[in-house]
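Let the hints inform the model, and build the full structure from the sequences given.
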Amino acid sequence: MRRRYLALRVLAKQSFNKSDVADAVWNAVLKLFGEYGASQTAITFIEYSSEKGWGILRCSHKTLEMVRASVASVTEINGKPVAIDVVGVSGTLRSLRERVGHRSKRS
Amino acid sequence: MKSFVDLHMQPSVDDSEQARKMVCRSSALGYRLVGISFPLNVTRDKVRQLQSICTNVGIDLVTRLDLTSKTPGQLLHQLRHFRRKFEVISVVCTSKVIARHAAKDRRVDLLSFPNAIFRGQSFDRAEAELASKSLSSLEVDMAPLLSSKDFSRIRLLSTLRKEVAIAKKFGVSVAISSGATNVQFMKGPYDYAALASLFDMTAPLALRALSEVPLAIVKRNREKLSPDFVAPGIRLVRRKTGCTAV
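Chains as they are written, first to last, in numbering that gives the first Met the number 0: chain A, 0 to 106; chain B, 0 to 245.
Heads up, a few of these hints could be off.
Result set (DSSO-like, lysine-lysine): computed pairs, CA atoms no more than 30 Å apart in a straight line [said to hold, decoys possible]:
#  : chain 1 : residue 1 : chain 2 : residue 2
1  : B       : Lys-239   : B       : Lys-1
2  : A       : Lys-12    : B       : Lys-20
3  : A       : Lys-61    : B       : Lys-161
4  : B       : Lys-218   : A       : Lys-30
5  : A       : Lys-30    : B       : Lys-161
6  : B       : Lys-1     : A       : Lys-17
7  : B       : Lys-132   : B       : Lys-95
8  : B       : Lys-84    : B       : Lys-103
9  : A       : Lys-79    : B       : Lys-20
10 : B       : Lys-69    : B       : Lys-167
11 : B       : Lys-218   : B       : Lys-132
12 : B       : Lys-161   : B       : Lys-218
13 : B       : Lys-1     : A       : Lys-61
14 : A       : Lys-61    : B       : Lys-168
15 : B       : Lys-95    : B       : Lys-1
Here are a few chain B residues that face chain A, going by a calculated C-beta distance under 10 Å [as the list claims (entries may be wrong)]:
#  : residue
16 : Leu-28
17 : Pro-113
18 : Phe-117
19 : Ser-121
20 : Arg-124
21 : Val-182
22 : Ala-192
23 : Ala-202
Calculated directly from the structure, the hints in this document are not laboratory data. Idealized CB from N, CA, C, for every residue including glycine.
Structure follows, in structure tokens:
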């Protein structure tokens with residue numbers, strides 16, 4: 000199965016742990032596409048840094064747009080306002096890390 | 000590379016700090032041009048202040064006015080009065096009469112339907128036919144989609160799907176904007192394109208609605224507002240200097 004890796008940046012006034020962010024994304028997928036749609040996405044959280052608010056998520060390449068829409072639709076976590084941006088998408092973890100690394104250095 | 004445009008940001012004009020935050024976020028998200036909605040009684044100083052904020056961030060500002068007229072007469076009066084003062088004019092269609100008058104008027108750039116989920120207040124075939132003959136586009140704001148929940152979001156998606164299908168059938172262009180009042184509801188263009196797939200807009204069409212369609216509106220209006228503009232297709236190339244009146 001071909002996969003896509005998404006680099007996420009969580010913008011909020013407070014920090015959240017990995018399970019909070021993962022639950023929010025899963026809930027968004029379930030709300031927008033239901034259990035059948037969620038079962039096709041194959042979402043896995045590869046890593047997440049609560050201090051930096053950066054994370055990497057893996058999904059099936061066929062459901063990239065679904066996952067992207069779901070991530071964009073997250074506006075709160077545990078009742079706190081939040082915005083999650085997809086800062087990069089790649090087919091391999093290494094190239095995503097290189098790209099995101101370059102961007103974070105530039106910014 | 001596409002130049003992305005967000006034609007509808009709604010920061011409080013009096014709160015320059017909030018406006019600065021929103022402009023900075025737009026720039027970080029990859030937009031090159033933002034439209035800020037001004038009130039009718041905005042002063043030139045406020046516009047200049049926002050223009051300087053945008054210039055500092057390296058983003059182009061488009062002045063925009065949202066007309067919320069109650070009668071067709073009021074709409075025509077406002078269009079006559081404000082058309083040459085703002086780069087983009089949007090009409091908030093709260094009734095069928097206003098929507099139809101706005102759709103057939105060539106001075107209107109964008110048709111906005113904020114109460115589309117209520118029966119008889121969405122973009123219909125008659126308005127699409129009128130809009131296809133004039134130059135107005137249908138505007139889809141994404142902030143209501145992000146802020147709504149459960150049943151209201153289901154109804155909104157269903158309405159947007161119908162509106163976009165009608166617009167496509169009659170050849171009316173669709174412009175996607177954020178409609179955001181704060182940074183929480185601002186997303187990148189590719190995220191909006193993914194969200195637009197929820198109401199059956201294909202990715203190329205959605206990206207066009209975020210770049211080429213709004214850019215064409217701004218380009219057309221800036222040309223018309225330029226002092227060199229004479230009529231569509233005719234403009235002043237240069238002025239003769241040192242000419243004395245006979």
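Taking the hints in turn, this is what the structure says about them:
Distance hint between Lys-239/B and Lys-1/B is unfulfilled; the C-alpha atoms sit about 38 Å from each other, more than 30 Å. Annotation: proposed proximity of Lys-12/A to Lys-20/B holds, straight-line Cα distance about 14 Å (limit 30 Å). The straight-line distance between the Cα atoms of Lys-61/A and Lys-161/B is roughly 26 Å, inside the 30 Å bound, and the hint therefore holds. With a C-alpha separation of about 39 Å, the suggested pairing of Lys-218/B with Lys-30/A is violated against the 30 Å cut-off.
Proximity of Lys-30/A to Lys-161/B is assessed by CA-CA distance (about 21 Å); at most 30 Å being required, the pair is judged to hold. Our distance criterion of 30 Å between C-alpha atoms is broken by Lys-1/B and Lys-17/A, whose separation comes to about 34 Å. A hinted pair counts as satisfied when its Cα atoms are at most 30 Å apart, and Lys-132/B with Lys-95/B qualifies at roughly 18 Å. Of the pairs offered as hints, the one joining Lys-84/B and Lys-103/B holds, with about 21 Å between alpha carbons and a cut-off of 30 Å not exceeded.
At roughly 19 Å between alpha-carbon atoms, Lys-79/A and Lys-20/B fall within 30 Å of each other, so this suggested pair holds. The suggested pairing of Lys-69/B with Lys-167/B holds, with an alpha-carbon distance near 28 Å, which does not exceed 30 Å. Restraint check for Lys-218/B and Lys-132/B: satisfied, since their Cα atoms lie roughly 19 Å apart, inside the 30 Å limit. Restraint check for Lys-161/B and Lys-218/B: satisfied, since their Cα atoms lie roughly 29 Å apart, inside the 30 Å limit.
Of the supplied pair hints, the one linking Lys-1/B and Lys-61/A holds, its CA atoms being roughly 24 Å apart against a limit of 30 Å. Between Lys-61/A and Lys-168/B the alpha-carbon distance is near 28 Å, which keeps this suggested pair within the 30 Å criterion. With a C-alpha separation of about 35 Å, the suggested pairing of Lys-95/B with Lys-1/B is violated against the 30 Å cut-off. For Leu-28/B, the interface hint holds, the least distance from its beta-carbon to any beta-carbon of chain A being 7 Å, beneath 10 Å.
Nearest Cβ of chain A to the Cβ of Pro-113/B: about 19 Å, over the 10 Å cut. The hint is violated. Among the interface hints, the one on Phe-117/B is violated; its C-beta lies about 23 Å from the nearest C-beta in chain A, farther than the 10 Å criterion. Using the Cβ-Cβ criterion of 10 Å, the hint placing Ser-121/B at the interface with chain A is not satisfied: the shortest such distance is roughly 22 Å. Look at Arg-124/B: its Cβ only gets to about 28 Å from chain A, farther than 10 Å, so that hint breaks.
Restraint check, Val-182/B versus chain A: the minimum CB separation of about 7 Å is within 10 Å; hint holds. At its closest, the beta carbon of Ala-192/B sits 8 Å from a beta carbon of chain A; the interface hint therefore holds under the 10 Å criterion. Interface restraint check for Ala-202/B: the shortest CB-CB distance to chain A comes to about 7 Å, inside 10 Å, so the restraint holds.
The structure fails hints 1, 4, 6, 15, 17, 18, 19 and 20 (numbered hints given earlier, in ascending order).
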